[in-house]
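S.K.: The primary structure of each chain is shown beneath.
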Amino acid sequence: MEQNSTMLGKINEVSCTIKSALKGKNFDVTLKPYLTVEEKRLAAGGDLGGCMEQYFTLNEDLKQMLESNKDSAKLDAMKRIVGMIAKGKNASELFPAVVKNVASKNIEIKKLVYVYLMRYAEEQQDLALLSISTFQRALKDPNQLIRASALRVLSSIRVPIIVPIMMLAIKEASSDLSPYVRKNAAHAIQKLYSLDPEQKEMLIEVIEKLLKDRSTVDEVVDEYNENNFYESDEEQKEKGQKLKTTYTMDPDHRLLLRNTKPLLQSRNAAVVMAVAQLYWHLAPKSEAGIVSKSLVRLLRSNREVQYIVLQNIATMSIQRKGMFEPYMKSFYVRSTDPTMIKTLKLEILTNLANEANISTLLREFQTYVKSQDKQFAAATIQAIGRCATNITEVTDTCLNGLVCLLSNRDEIVVAESVVVIKKLLQTQPAHHGEIIKHMAKLLDNITVPVARASILWLIGEYCERVPKIAPDVLRKTAKSFTNEDDLVKLQILNLGAKLYLTNSKQTKLLTQYVLNLGKYDQSYDIRDRTRFIRQLIVPNEKSGALSKYAKKIFLAQKPAPLLESPFKDRDHFQLGTLSHTLNSRATGYLELSDWPEVAPDPSVRNVDVAESAKEWTGILGKPKKEKPTEKFYSESEEEEDESASTCSSGSGSDSESEKEDKEEGSTDESSGSSSPSEESTDSESDSKESAAKKTCRAVNESDSEDIKKKAEGISRKRSTSSSSDTEYTSSDESSTGSKSDSDSKSDSESGKCRNATSNKVSKKEEKPVQDRKTPKNQDMFLLDLDDFCPVTTPVAVPRAAVLSPSLAADLEGLSLSSSSVIDVPTQVSLPTKTHELLHRMSGKGLAAHYCFSRQPGTFGDHMVPVQVTVTNTTDQKIENIRIGEKKLPPGMRMHEFNPIECLEPGGSLTATMGIDFCDSTQTASFQLCTKDDQFHVNIQPPVGELLLPVTMSEKDFKKEQGMLTGMNETSATIAVAPQNSARLVIIERVLKAANLGVVPSGQDNIHRFAAKTVHSGSLMLVTVELKENSTAQLIINTEKTVIGSVLLRELKPVLSQG
Amino acid sequence: MIHSLFLINCSGDIFLEKHWKSVVSQSVCDYFFEAQEKAIDVENVPPVISTPHHYLISIYRDKIFFVSVIQTEVPPLFVIEFLHRVADTFQDYFGECSETAIKDNVVIVYELLEEMLDNGFPLATESNILKELIKPPTILRSVVNSITGSSNVGDTLPTGQLSNIPWRRAGVKYTNNEAYFDVIEEIDAIIDKSGSTVFAEIQGVIDSCIKLSGMPDLSLSFMNPRLLDDVSFHPCIRFKRWESERVLSFIPPDGNFRLISYRVSSQNLVAIPVYVKHMISFKENTSSGRFDVTIGPKQNMGKTVEGVVMTVHMPKAVLNMNLTATQGSYTFDPVTKVLTWDVGKITPQKLPNLKGMVNLQSGAPKPEENPSLNIQFKIQQLAISGLKVNRLDMYGEKYKPFKGVKYITKAGKFQVRT
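If you read the sequences in order, they're chains P and B. Residues 1282 to 2339 (this note's numbering) make up the first sequence, in order. Residues 999 to 1416 (this note's numbering) make up the second sequence, in order.
Next comes chain P alone, as it looks inside the complex (with noise of 0.2 angstroms):
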């Protein structure tokens, strides 16, 4: 029988290379001159007979070499028959004579019978047996090497019987003394247990033991590893972590993120998808936009890295328009690309598409319309409609466009056009009478079935705006029923029945000739459709009440066509995966688990190794802060606020991590000037920490006060975020309002807004919390705090905002060799004035506030971001807010918020726009719609809101200055109040004045500011120098005289009030 089967095996064989030999392929490109004898008696038409009796002699052949004593000979067989293996030939009858040699003492012919093992073992479980005993003796060979190749084969023989001898193997290589064998243990372990998961038990003991050795460590997480030794602790952090601290901002959690951030420098490409996976699934929205530059990167690699990587930003797209935006031009498509990048890179062009870029988009799209490609221009088409749709300004030229295209020569560009417009006209079929006339025209020269059937869908669906059209175009199409597709004879049809329904005079008898033709029609389906059309126009005195309806089922209002996406559907599955790519659940897909509701067992990050100790007592001594933050959540009810809190918390946490990073930096160098910020936030982080601590233990005392405090802080802060008010925020209702809001604004929501105003709110909680700190952790901390400081520290430091912008200037003002200006679009703002901007009286209920949130390039250059925040103090809902009529003077434009649908009674939303003010102080007044109201409303800027902050150097400064004197020089003394002369007051006051950026002085009594303004650009520097008898010259450079007036006048009383 078995005999039998390998003679079946072999036939198989032959006729495969007789194959491949016709085919006349495979002539010169043999591998070892037996192949070419053999090939070429084949191609000769030699009888089947003789060629396996070549066959077996070859393998004789290679038998005899096998068994000889030198070992060339046996070399020389074992190359031949690796040869045979990569070939894919069956090799399996020379096992027992390969097995032999497994003993062999020549370590090539060793490894080439372990390759050949590998490959044939499961098949020849008994024979393989034999050379069970030799990897036994191989495995306390004195090379490592061999130790090492001889358990990588043994665990790779899947043949059940030896796993007990796996195992034991395991064992003993898990404590050998070469970190190379230990490794391949590594590896082992995952074969054995797919092999017998029975096993588990010992082999977890085994994993443990490995884990403990230092040197293995990465060496075991390599299971997952990619190529690449930055990956290792990447991956054991995901894999090992995610699924313990994906439920807040907590320590492991801020550490994971901060720990992973490096590796988007990663030269490989899985690696930094990995990352960006991480970051999206599991950074706060703020933070997860700083993977999208590397994303960006690997677009330059390899065509299949690019395919997967703008696949997954084409599903990140959709969601956060934002992350990629500053990066449009590089989705920009080039003719050489191939089709299915092409595709990709449109369908992110389009999801970035918005108001701001969509006319240089549409003019990038004209190119592509003319593509040669023509799938990809069809394509193109498709996404222009999708434009249209989505931004409704320019659906109109969308559709001229469009219109334009049906003129063009190519058949499937029409086609294409013909039915986007089919979807465009449908949005709003008021005013395109003319276009549905053009369209008609185009029918007799169509012969794409899909567009025909747009057409003719269209011209029935409106066959009341062009009556005299209709019962022609029903007429023509009638005459070449027989000849058209399916698809289009469906549409005569409805169209017949249409006409019928509308006009049965002239189409009565069209109407049914059609009927008839489409009675004995081929398909089935076509013959369904007429019975029923019959059934349901005609009257007879079958027909019941249904057609009395007719009218109503054929003409009734369709719902528009949402055009959508193609990638809409692929955010349920996990970004980068292999599903994620398919779009389609692969075996062993898991799904992402949801955040825990309980913190998970802090006891698991325990680890016993002496010398590891150290770094961890860092982490070691945060689990005690955990059981607060657990009790926040227990009281906040939804699941939403919990994430939303996460987030701000998070933001928070964020850019004061960046500022320490930036310290840490510093540190090196000059640590004397930054060590006040420094002790600062340890002291800070301290008290935190210990008030966290007593709180903990206070949930049992009556002094639960405490704890309901900070959750409303929470809550606060996470409203304040949004809103950027702390006054009237406090109800539960308006904070998830503004949170929904917030969501579904763009990403441009950076933190750093959030982060100033949450600094706001731990303003004021932590002074109580100050009080109870305990001074006997103090000293512990403090040296934790050293590594570990930016990730105990979640609530904000009140000094931070202030000091960290001047740090920042410092840091740059170090290292600058050059070049001047650098614009520092991160600038930490302080919180800022609110204005009124309805008051609610006025406002039927409606009341409206603004800010000028100070977060640069929301809305393109010239804009200056405002934030305006409307409440409803009525008792009932304020629908369909937006901005109406505006009246601005000349040159200046504004970028409207999204009209706000509907707002409850108590709710408040936050809402940003954007103005360009044309560097001038005028007011913009604009009208305040809702459903029902219109108020006229006026917003007119600061001066110092109309400036940007800048860095630069005090060299620098001072060469600005120099070429700003003369005409451009405005100054004035003033008195300045006593307590306002220290840096930081001075620096605060002016910076909560004015958005200028903070430079770096050499002198105590010379403050420095630049900026530029926000349309033109032109430099603005500030200089404050404090004289003596507390008076200062403040002096103000700038080529725009009439700012730097007005700007010296407001700048005036900032410092002189008390």
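One-sided excerpt, in silico: chain B residues whose CB lies under 7 angstroms from chain P:
#	residue
1	L1014
2	I1188
3	E1366
Pairs of lysine-lysine, PhoX-like flavour, derived with a Cα cap of 20 angstroms:
#	chain 1	residue 1	chain 2	residue 2
4	P	K1351	P	K1386
5	P	K1542	B	K1238
6	B	K1036	P	K1655
7	P	K1651	B	K1191
8	P	K1370	B	K1019
Calculated directly from the structure, the hints in this document are not laboratory data. For every residue, glycine included, the Cβ atom is placed at its ideal position computed from N, Cα and C.
Since the structure of chain P is provided, determine the placement of chain B on it from the hints.
M.R.: Relative to the frame of chain P, chain B by itself:
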């Protein structure tokens, strides 16, 4: 993880297979052939294909498809990255990654694959390590081996595998100690019809060739490190030092490797070194057209632009082209419709020009769009971003190495729309 690997050549023959777990039949590749047929162009074969029981992830390199068989969920980029690494290693070992090279060295290939992946998980992929485990073939060694029957398998354990610098082997010795750095910058650009820049970006790499004895510790600093916007590093670079001081500090691998690749921040305006004047038009009725292209240098900072090659994918309707070039030579392939004009060096005194007639298929409609021009060029001794290496210091070893830095600017994906 990775279950099996098949290597397939352009004509669809599976010429090598390797299984890391149980054997997967060759027939699984039929799904791949199906997809390949559907895609028409090799470029458009989807990298990830789903079959009823397996998933196929493939890359296309040097006219070979590397098709890997996957059974369970795995990050596709991981597999792709690994396959590219395999191809790189072949390139490194055999000088080329071609079908013949692989077939000639099938034993080494097998040993490499065995060493690179164990049970589907990567084991050793660093070229320095692999070269110690498995010696690359050289003519001398193959002669010696055939006589003595000795092997090309190393019998000592590579030290790098164990140390904390896994990319460098111990005991490197050179008589001439040299360290060369090539700063190569590529300009990616899209220029529109009117000659204005739609998109331009500078991407750079620093490729190093380090032949230094012992364990040298190098630090490379730049005059203007702030230019580098987004950098990816070879694992040897100390990230902390870069973060804090913007200095590249590293113990280099031995031999050739890519030290960093970077992108220059987009705020900096990119100087485009060439301009193109073009006049391409197709006439409606006469089934012919005119083609007239001139290339000239622009803002080249006193350096000559050389190695200029222009390739144009002409529309399908073009039958033939009758052109005259004032400089260099041109070829037109009537099958693929690709026009290649090898210009060479541009001298500002006499601008190279290519002009003449285009013959179109009679009766075919005139092409909608003018083809875009892809341009390659090279400028020696210039890094277009202005990046400059400040100094290279070596610690840890006594000798004085010879150091050299070379700058080259090239065209990357440089496309002119017409």
